[in-house]
Amino acid sequence: MTSVLTADCVGKSFDGRRVLTSASLRAVAGELRVMLGRNGVGKSTLIKIAAGRIAPDSGVVHCDGRVHPRASLRRLALRGVFYLPDHDLLSNAFTIRRQLEMIRRRFDGGDVTAAVARMGVPGVLDRRPFQLSGGELRRTEIAAALVRRPTCLLADEPLRGIPPKDAEAIVGVLSEMAADGAAVVITGHEVSALLDAADHVTWCTSGTTYELGPPAIATKHEQFRRDYLGTWYRASGL
Amino acid sequence: MAGPVGTPAMRAHWPYLQAYFVRGATCWVAARAVAAIVALFASLPALPVSTAAALEAVIVSVALGVVDTLRRREMALIGNLAIHPVVFIGALAMPAAVGELSLRAIESGLR
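Residue numbers (the numbering used here), protein chains in the order written: chain A, 1 to 238; chain B, 1001 to 1111.
Only chain A is shown next, with the shape it has when bound in the complex (with noise of 0.2 angstroms):
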């Protein structure tokens, strides 16, 4: 099990509210890690905070066997790490094949094309974002990401906004990346979906993080089902 990225006993406040108190995140090579809690517990933040977007009040990030006092995802995103924010990823003065281009070029990246045809949006490339419906413009930066070939891939609530169908697809892709080698955190509240292919689920409350070990093990921790399942276990006959 080989960390491609940590962000450990990471803390932030914002305006004297306190988000995050203790909480970590571990990406590991060949592992689709997903991260479970509830709206406003900080997963958004502790993702942020491990891709270089904002700094921690304590805490620190590695990086391929690196301390990073700063990180910015500037120096992360040269040794690797893909960041896909919750929205906003691509711009939109730009067309996507552009924008696409822009990635191949820097990173020596895989084909715009086959990527666009893989996520199921051939049509978009000659578009701006704005252009697009939220399930295309979803599946278009997932579309980025695969692009970029990341040793390790930040995902912020790739699902969110997309039918059950494509997100079964794109949860397969993300899945693949990870078989292919790369490190692979998501953050959402698919359940279904993202169990279904987790390798490892992290339970993200009250400031901090519970690692609970792969989904079938996860999903029969008590206050976790309290707490964030409720009662969709039981329907789902875990």
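These are computed hints drawn from the structure, not numbers from a lab. What you are looking at is a predicted structure, and each value in this text was computed from that prediction instead of being measured. All C-beta atoms, glycine included, are put in the ideal place defined by N, C-alpha and C. Please note: incorrect hints may appear among the correct ones.
Computed footprint of chain A on chain B; a stretch qualifies when at least three of its residues, placed anywhere within it, have a C-beta under 8 angstroms from a C-beta of chain A [to be verified]:
#, segment
1, 1012-1018
2, 1064-1074
3, 1077-1084
Now the in silico label distances, taken between C-beta atoms and shown as ranges [unchecked claim]:
#, chain 1, residue 1, chain 2, residue 2, range
4, B, Val1034, A, Asp57, 38 to 44 angstroms
5, B, Met1075, A, Ser175, 27 to 33 angstroms
6, A, Asn39, B, Leu1055, 47 to 53 angstroms
7, B, Val1067, A, Thr113, 30 to 36 angstroms
8, A, Gly120, B, Ala1042, 56 to 62 angstroms
9, A, Thr113, B, Met1075, 24 to 30 angstroms
10, B, Ile1037, A, Arg66, 23 to 29 angstroms
11, B, Ser1108, A, Leu78, 42 to 48 angstroms
12, B, Arg1073, A, Gly172, 27 to 33 angstroms
Please arrange chain B on chain A, whose structure you already have, making use of the hints.
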């Protein structure tokens, strides 16, 4: 950004550099146009080419370019492309600097 134009390193950077050169040029034209209109209303020279005016134009162009980039929420894209802030600012400043030098050359030629 190592190596001259045409090397693999330059080719890797060119697509986003080109995009921000165009943005920098647009901002410079807009800044100069607004300044010229204001100057005309104030009965001042429309296109001053002093060093101070040139520096101001470059700084305003870069500031407009940065604001436009923030407004378009491109920081995640820029971060994922691992663009160094100096390269980004340089790409926005370059067209303004070239434009100011061109204005100076034209003004000298007309004298």
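Comparing the hints with the structure gives:
For the segment 1012-1018 of chain B, the stated coverage by chain A is satisfied: 5 residues place a CB nearer than 8 angstroms to a CB of that chain, which reaches the threshold of 3. Note: the segment 1064-1074 of chain B has 3 residues with beta-carbon separation from chain A under 8 angstroms; the three-residue rule is met and the coverage holds. For a cut-off of 8 angstroms, the count of residues in the segment 1077-1084 of chain B with a CB near a CB of chain A stands at 8, and the three-residue condition holds. At about 42 angstroms, the beta-carbon gap between B/Val1034 and A/Asp57 stays in the expected band of 38 to 44 angstroms.
A C-beta distance of roughly 29 angstroms is found between B/Met1075 and A/Ser175, which places it inside the suggested range of 27 to 33 angstroms. Between A/Asn39 and B/Leu1055 the C-beta distance comes to about 49 angstroms, which sits within the given range of 47 to 53 angstroms. For the pair B/Val1067 and A/Thr113, the supplied restraint of 30 to 36 angstroms holds, since their beta-carbon distance comes to about 34 angstroms. In this structure, A/Gly120 and B/Ala1042 meet the distance hint of 56 to 62 angstroms, their C-beta atoms being roughly 58 angstroms apart.
Checked against the given bound of 24 to 30 angstroms, the beta carbons of A/Thr113 and B/Met1075, roughly 27 angstroms apart, stay inside it. For B/Ile1037 paired with A/Arg66, a C-beta distance near 53 angstroms fails the hint of 23 to 29 angstroms. The beta-carbon spacing between B/Ser1108 and A/Leu78, approximately 44 angstroms, falls within the hinted interval of 42 to 48 angstroms. Taking 27 to 33 angstroms as the suggested C-beta distance range, the pair B/Arg1073 and A/Gly172 conforms, at roughly 29 angstroms.
Violated hint for the displayed structure: number 10, the only one.
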